[in-house]
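The lines below spell out each chain.
There are 2 protein chains.
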Amino acid sequence: MSPATFIDALQHELQLTQYGQYPTELYDPIRYIMSLGGKRLRPLLTLMAAHLFTDDWKKTVRPALAVEVFHNFTLMHDDIMDRAPLRRGQPTVHEKWNDNIAILSGDVMLVKAYELLLDADADKLKQAMARFTRTAAEVCEGQQMDMNFETRWDVTEAEYIDMIRLKTSVLLGYALELGGLLGGADKETTDLLYAAGVNIGIGFQLKDDLLDVYGDPAKFGKQVGGDIIANKKTFLLIEALEQATGSRKDELTGWLTQTSFDKAEKVRAVTTIYDQLGIRQITEARINDYFGRGFANFDQIQADPDRKEFLLQFTRQLAERES
Amino acid sequence: MSPATFIDALQHELQLTQYGQYPTELYDPIRYIMSLGGKRLRPLLTLMAAHLFTDDWKKTVRPALAVEVFHNFTLMHDDIMDRAPLRRGQPTVHEKWNDNIAILSGDVMLVKAYELLLDADADKLKQAMARFTRTAAEVCEGQQMDMNFETRWDVTEAEYIDMIRLKTSVLLGYALELGGLLGGADKETTDLLYAAGVNIGIGFQLKDDLLDVYGDPAKFGKQVGGDIIANKKTFLLIEALEQATGSRKDELTGWLTQTSFDKAEKVRAVTTIYDQLGIRQITEARINDYFGRGFANFDQIQADPDRKEFLLQFTRQLAERES
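Chains as they are written, first to last, in the working numbering: chain A, 1421 to 1743; chain B, 1421 to 1743.
There may be inaccurate statements among the hints.
Part of the chain B face toward chain A, derived, beta carbon under 10 Å [unchecked claim]:
hint: 1; residue: 1493
hint: 2; residue: 1497
hint: 3; residue: 1521
hint: 4; residue: 1524
hint: 5; residue: 1527
hint: 6; residue: 1528
hint: 7; residue: 1538
hint: 8; residue: 1545
hint: 9; residue: 1550
Just so you know, the hints here were simulated from the structure itself, not pulled from any lab data.
Glycine included, each C-beta is placed from N, C-alpha and C at the ideal position.
Work the whole structure out from these sequences, hints included.
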């Protein structure tokens, strides 16, 4: 048994999964976006959580994939809303096909996520479905909040954390909770797994924000400073807007309202302001705080130490990742 | 007990149903589209089918609403894809708000449909969910086929019937099947209910196509001839394209390829071609055929005759409707 066992089981099921055939315009985009890869973070969390409580964790592979298919559905629709040209370095579905196909193909992906979840054990099905449904609605709420924030300059840190909790973290929480539930854990334990996932998810998203500015260009995989160029309201920018005063605040808002600028110069200048305000340290402290809460949640879970080690190691990798 | 009892129970639950509060941009469009009314055909079918087999049909009101919410979700997303400005005489969601809100609000509606369906009795939940999921995917397939047909001139009658079966009829079939299932009917009976719904649904859609050309303007509620003006590929047009030959075919394709025309003149001319080809009679015969199959399905169902009469009367109204 090694971490690769989980990945292999997932890849095997991913290859077996049939989404549908006709009309091809409806199902080709699903195969396409699912083939673009990604970390498969969410379904791996489900499998590892199930493995804490049962040897028969393979029965959770299809429900785990439900979470991954749902996640990719949100990417397909978010990319339309954000007019994003690329996803994982490849053309987005609405670019490769068109908006209508991306809307409808995404709709059927959401349905297919429910189909995969129907594979959950009958005695756990209602709970798995109810919690999935609640989580799915919250992810949509987070996406709407994110869009609302685009036209606001007074977003508070608390609002931002709440938005990423909904948009990103609750699904990680659900992924862990689902694994625990289907693995046979009790309510107290599935609550802890959910809390761990939410905390780790917030840490994970804050790390994303941090890497976009302070990542090593050789390792990051995306353009460092992309969020600064796009005026994206990240934790770093919101924190800087809250902290900055006087001429430094004027300089920062100056860069934010500039419509014509040299990209590299803007990235350098805003990063310098972040440096002066200690934003990197503030963000790193927050990331450590949220991951720390997640580890504390894991600590309270009663399970075989060797099996827990898989989850802890995986979580440590997320905390320490550089891309 | 009268038909109004079902409608009242439905309206009562519609008013009680909470979709969500925050962000308001996400949930206001759901309340808006659900408030625009409509025939509430699908949930009424569910209630009437349940009533065939149980006095406790009120327990099916929330699952019945799941079907109605799903139907309205498809309208919200179809209206984006079709760039429709109006729905039931009011601005569509993407017009009143914007495309992004209509996409995301629709997504959460699909999730809310599943939430309502979770109210089904525990021992029927998996079956209700599995059949709903299958039906939902088929409705998306039908919508994609409909979009594909827009750019094709060689759509056959069989393809068209298959498209409307998926886009419209399977959901009516599911609405009846769900009522039977939750009411306690056996598999043979729920299969018959489904078949009845599919047949009635095809008849219903063909009637829609017919009324758009031959409806009484005083009763129809929409502009008669709208489909002809828009070159919409209805049963009547597909049939006419298959039947017409020689100069009559040239005249018909002439009107279809004309980019500048007097609307009333085009409606008159194409209707005349339909008249000459006997399209009205062909379509009416088909409508009667499908409704007849639906009634034959109902005939085979063992249930209290008085209770069946509700369903039969309701179906006769659909067959005879003029708007």
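Results for each hint:
1. Residue-level restraint check for residue 1493 of chain B holds (minimum Cβ-Cβ distance to chain A is 8 Å; threshold 10 Å).
2. Below 10 Å, beta-carbon pairs count as interface contacts, and residue 1497 of chain B has one with chain A at about 6 Å; its hint therefore holds.
3. Here the hint on residue 1521 of chain B is kept, as its CB sits about 8 Å from the closest CB of chain A, short of 10 Å.
4. Taking 10 Å as the C-beta cut-off, the interface hint given for residue 1524 of chain B holds, the closest approach to chain A being about 6 Å.
5. Checking residue 1527 of chain B against chain A: minimum C-beta separation of about 5 Å stays under 10 Å; hint holds.
6. The beta carbon of residue 1528 of chain B comes within 4 Å of a beta carbon in chain A, closer than 10 Å, and the hint placing it at the interface holds.
7. At a threshold of 10 Å, the smallest CB-CB gap from residue 1538 of chain B to chain A is about 6 Å, leaving the interface hint in force.
8. For the restraint placing residue 1545 of chain B at the interface with chain A, the shortest Cβ-Cβ distance is roughly 6 Å, inside the 10 Å limit, so the hint holds.
9. The restraint placing residue 1550 of chain B at the interface with chain A holds, with a minimum CB-CB distance near 6 Å, inside the 10 Å limit.
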